[in-house]
Each structure stands twice: as C-alpha cells, then as structure tokens.
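Undergrad: Take a look at the letters that make up each chain.
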Amino acid sequence: MDFLFPPETDKWLAVLRIGLGLQVAVYALFLKSDWNYLFARTGSGLVSRELGEAITSFDSRLIPKLGWLVALGGHIGIGEETVLSVAWACLLCAGCCLLLGLFCRPAAIIAWFLHLCAAESGGLLAYGADNFMTIGLFYLMLSPLPDRYSLDHRLVKTKPKDPQLLGFWRRVLQLHLCFVYFFGGLAKCLGSGWWDGTNLWRSMTRPPFNIISPDVLIRFKYLLPILGISICLLELGYVFFIWMKKTGSVWLVCILGMHVAIGLTMGMYLFALVMIVLNLAAFGPDFGSLSLAYRQRFHAVFTKQLTP
Amino acid sequence: MGAKRIYAAWAGVHFFLIAAVCVAGIFSLVADGLTILPSAFDSYARKGELAAASVLGKEMAASNPVRRGIATYLDAAGSQSGYTFFAPNVPGYHRLILELYYHDGRVEYDSPHVSGGAAALRLDSLLDRLAEPGYEPLREVVVKMLAFSVWQEHRDVEKIRAIFGSVNQPGIRDFEHGKRESFQPLFSFDFSLRNKENQSTTR
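Protein chains in written order, with my numbering: chain A, 1 to 308; chain B, 1 to 203.
The hints are simulated quantities; they were obtained by calculation from the structure and are not laboratory data.
No experiment lies behind these values; they were computed from the predicted model shown.
Check before you lean on any hint, since a few could be wrong.
What the hints assert, rightly or not - Subject to a maximum C-alpha distance of 20 Å in a straight line, what follows is the list of computed SDA-like cross-link-like pairs (lysine to any residue): (1) A:K32 <-> A:H75; (2) A:K32 <-> B:K4; (3) B:K4 <-> A:R171; (4) B:K58 <-> B:D32; (5) B:K179 <-> A:P207; (6) B:K47 <-> B:G69; (7) B:K144 <-> B:D124; (8) B:K179 <-> A:T42; (9) B:K58 <-> A:S57.
Said to hold, decoys possible - Covered, in the sense of this in silico footprint (three residues per stretch, anywhere, with C-beta under 8 Å from a C-beta of chain B), are these stretches of chain A: (10) 97-109; (11) 147-161.
What the hints assert, rightly or not - Cβ-Cβ distance ranges computed for the label pairs, FRET-style: (12) B:E108 <-> A:G237: 46 to 56 Å; (13) A:M1 <-> B:E136: 43 to 53 Å; (14) A:V156 <-> B:F41: 50 to 60 Å.
Beta carbons are placed, not taken as given, at the ideal position from N, Cα and C, and that holds for glycine.
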C-alpha cells in the first residue's frame, strides 16, 4: 500500500497542468484551419463525422462525441458550424486556463471532454498523440487540483492537498508510462526491422515524416541499426531502470531526447510534446528543490572563495 | 484507510484492464505472423488474444452492459488500444489518386487535401488505415467521401476515378543503387457524379 501512496509535493502536478494546457492550446491552434472541415457532417467535410461516431457507437453509445453537442445546439436553434466553432474556442480557452491555472478543475474536465469528443468523432483520423492527450487529461482531471503555482491558489487561498493523494496520482501516471514503454518496446523487439535499422529508415523516409532528405540520411546508415536497437532497449528497459536512483535520470534524459528527436526529425510535434510532458510530470526532477540545492551549493562555493 | 483502499482497488482494476488491452495487442501481432517469432507460436498467440479479449468483454454480445461499460471506461481513459506504434515493423504508406474527368474530355489529377500539417498527418493516418483488412467494409464509402470532398472544388467534373494504392519504399541498398519509390494500385472506384451511380473494381 505504501508503494501506491508515497508523500509528494504538488510540483509534478503543476508540470502536468502547465504542460497539458500548452498541449491542448497547441492542438487547437494546429487544427484551427481544418477543424470544421474535419468534423463536419456527411457531405460538407473531408469524411463524415457521423461515420466516425457510428463506429464509436458500436462499442458504446455512452462514449462522448461532437454529435452530442451538435444535437444539443440543434435543440436551441444553433447550427452545426457554430457549435463546432464554439467547441473549438472552448477547447482553446480550457487549454489557456490550464496553462494559467485558472479554474483548474473545470478547465481540466472541459479539456478532457472536448478533446475526447473530437478524438472519438474523428476516430478514423485519430493517431497516437490523441490517446496520450486523453490519458494525460484523464489523470489531470482526477488529480487533486489546484496546485500551489496556479492562479486559483493565489486568488482563493486553497488548503494544501494531501501529500499521499498527490503521490498516488503521480504513481498512477508513472505506472501507466511503464506500461506504455514496456509494451511498445516489446512489440518493437519482435520486429526484425528494429534490429537492422530498416524501420528507422522506413519511418524517416515515408511521408509525411520525411523531413530529412534520404540523401542526408544515407550518410548515417551505419548509425541506424545502433539507434534502432537503442530505442528498443530504452523502451523495454524503462520499466526497470527509470525507478533506480543511479539510472533513473539517465533513462529520463534519453527518453526525452528520443521524443525531442521524433518531434524535430519527423515533424510529430504534438506527439513529442505530450510524451515529454507526461515523462517530466511522472519522473521529472523536483524542480523547486533542485534549484534550491543549486542555490545553496553556489552560495557555499561563493562564500568559500570570498573567505580569506 | 478506507479511502486508500478504494483508490488502490480502482488502480488495480484500471491497470488490469490496460494490461489486458496491451497483451491482446501483442498477441494479435504474433498471431498475425507479423513478428520474428516462429509460426508455431501463432495458434497459441491467437488463443491468448482471445483470452485477453474476453477479459475485456469482447466475447459478450455487443449490447451487453458489462462490455459497453468496459469500452466506455477505456475510451474515456484513452486506453482502448495498445502501444504498438511503428511496431513490430513500420508499415508502408498509401496514396489516393483521383482522376477527374471533365465534360470536355479533359482529365486532371488531384488528391484529398487539408490546410494544416497537423490535419495532413491525420489524413495520411486515415489512408494507411483503409488498407487494413479490418477496414475493408468501410473502404468504398470513405473513398467516396474523400472523392466528394474534392468534387466540391471541381463542380464541373463528370466522373472521378479513385485509385488507392500502396507506395513501395526502397530499402537503404536499393536507394543507394538509384531505386526510388513506386506506386502499386490496390483497387479503384469509379464515381459518376451526375447520375449518382458508382461502380467499383478491385485490382
């Protein structure tokens, strides 16, 4: 039981809130020009929102979808296009509120709900980043908000949260990431292409991820098998080495480096950002105590030098 | 202490379901023969996949409230699918080429498009999904919708032939020897937009 309830401060929660706020805002801004086109009904958009919703409804009718909001808008005489635009604006606002720490809990719930609606209605168009955003927002909305760095805390002096409850939600996030990397790494290890570099070549030369020209990539062809094996071992070993004091920070830096590289070399910015945020919140250093430690060390060295 | 037990019980159920989803995903890859494991494992993996799926209630009737409850919860938590991105191997990619036939005999080529890069990533993901056997029943209707989205920008088009195919990427050695990607049509659909008739052919 103690493993599930380690006492924690709320710094990790502030990282998660600010990071996901940024993620939601960037997600909304990236899709701004295509939002209505992606989620319009049959005949007015790219593919029908209704088709995606029908597929989702096959699993369960209770899964939130944009069609609910459109139907609700229809009852009060608001057109589909307006409802979709309002949903987009609300999502952006929720992201900004999370970023600032204003109305944290309602903002987290609204962001989770609207993003889930969009991900489920556009199920045919969804990809990995959507799953991780839902995971992050799901945990954020259940966590003991607001944290002490939020505007909510400054405006309305809230009581400090139970450190064990804060520890519980961080532990849940940590365990979830271990599942993600262990099964992701295991699946990669089972493919021949990750051992000889073929998969890295294929992933980086296929559109829309072909940001680096194959002519440049070919110069590093001997590095590809090493990088491929490193990714497998990094993901598979995450579940063990991230917990150890000696290896934890090294593993975290390597995983963050991998996601930065995915973002920059393959253009998967949203995917990279959400993974970085989740990792930093789950296993990131205690930034406050770290800066305090550095200040103390700097102070000690500085006073020692000044002492004759 | 009571609240702690409730939290712990929730965490146990939560991670049990996530583990079942992940294990089902791994077993599915092995059962489909996509991994480096010998084919002798395939039948065992299929049994394992079915066992994991039954834990998730997928063997129950579609209307069963337990099955629906689990599906709703997993979707709400973002854990309805495993984490086998780009695994075990990176799949090939696909293209949809639209041949636009005008009244005056002109033929132009176009593809479905969106404005932003983030949406383009989603469109590519949709095209890759269409090639999967599980999406076969939806293929024609989705291609028709994509063709229709292009037709809205070219209202004087009489007929659209949609050609869906995979793009074969050259390997590292082939690329060094000058080989470049090639398009292999998988199937095509003809949509006649004036009289609302359509025909499809599979190659």
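Undergrad: A separate judgement is required for each hint: does it hold in the structure or not?
TA: Checked hints:
| no. | hint | in the structure |
| --- | --- | --- |
| 1 | A:K32 <-> A:H75 | violated (26 Å) |
| 2 | A:K32 <-> B:K4 | violated (42 Å) |
| 3 | B:K4 <-> A:R171 | holds (13 Å) |
| 4 | B:K58 <-> B:D32 | holds (19 Å) |
| 5 | B:K179 <-> A:P207 | holds (17 Å) |
| 6 | B:K47 <-> B:G69 | violated (24 Å) |
| 7 | B:K144 <-> B:D124 | holds (16 Å) |
| 8 | B:K179 <-> A:T42 | violated (41 Å) |
| 9 | B:K58 <-> A:S57 | holds (15 Å) |
| 10 | 97-109 | violated (count 0) |
| 11 | 147-161 | violated (count 0) |
| 12 | B:E108 <-> A:G237: 46 to 56 Å | holds (53 Å) |
| 13 | A:M1 <-> B:E136: 43 to 53 Å | holds (49 Å) |
| 14 | A:V156 <-> B:F41: 50 to 60 Å | holds (58 Å) |
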